[in-house]
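Participant: Sequence:
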Amino acid sequence: MKQPYFLPYQQRWLDDQSRLKVAEKSRRIGWTYVQAFEDVRDAAKADGGMDVWFTSADISAAREYIRYCETFARVFDKAARSLGEIVIAAEDDIKALVIEFSSGKRINALSSNPKGFSLEGWQSRH
180 MKQPYFLPYQ QRWLDDQSRL KVAEKSRRIG WTYVQAFEDV RDAAKADGGM DVWFTSADIS
240 AAREYIRYCE TFARVFDKAA RSLGEIVIAA EDDIKALVIE FSSGKRINAL SSNPKGFSLE
300 GWQSRH
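For the numbering used here, count along the sequence shown from 1 and bump the result up by 179.
Any given hint could be a false lead.
[Stated by the list, open to error] Straight-line Cα separation of at most 30 Å, DSS-like style, residue types lysine-lysine; simulated pairs: (1) K204 / K257; (2) K257 / K200; (3) K181 / K224.
Note that these hints are calculated values from the structure, not bench results.
Using the sequences and the hints, build the whole thing.
Facilitator: Take a look at the structure:
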């Protein structure tokens, strides 16, 4: 019998196709890992893929998420390249770590720390 790859709550998360999903997050339980899997699956689609924006508590967590995404891109055998750190809004010093897929879609990861990212201010100008 084949062992499931994801834990039951992770599999339920992947199976849920709602446009908005809410979860109570905790540390070191695999939410970032399973979200990276789902995001690569979604961004790498040749037809109907989508850009992904992922915010995390700090830049080190964003880097961890991007590493997971790079791993899953290899697992899925999807052509992807790291664009490294990209400036999103120079005036606010907003930067994102970016992976771009052959589909043209990107995964963007950045810190939600107010010192590193201010979504409200950025949205009001764009």
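Participant: Hint check: K257 vs K200, CA-CA at most 30 Å. Holds or violated?
Facilitator: Distance of about 26 Å is within 30 Å: holds.
Participant: Compare the distance between the alpha carbons of K181 and K224 with 30 Å, and conclude whether the hinted pair is satisfied.
Facilitator: 26 Å, holds
Participant: Run the distance test for K204 versus K257: straight-line Cα separation, threshold 30 Å.
Facilitator: 28 Å, holds
Comparing the model with each earlier hint shows no violations; every hint is respected.
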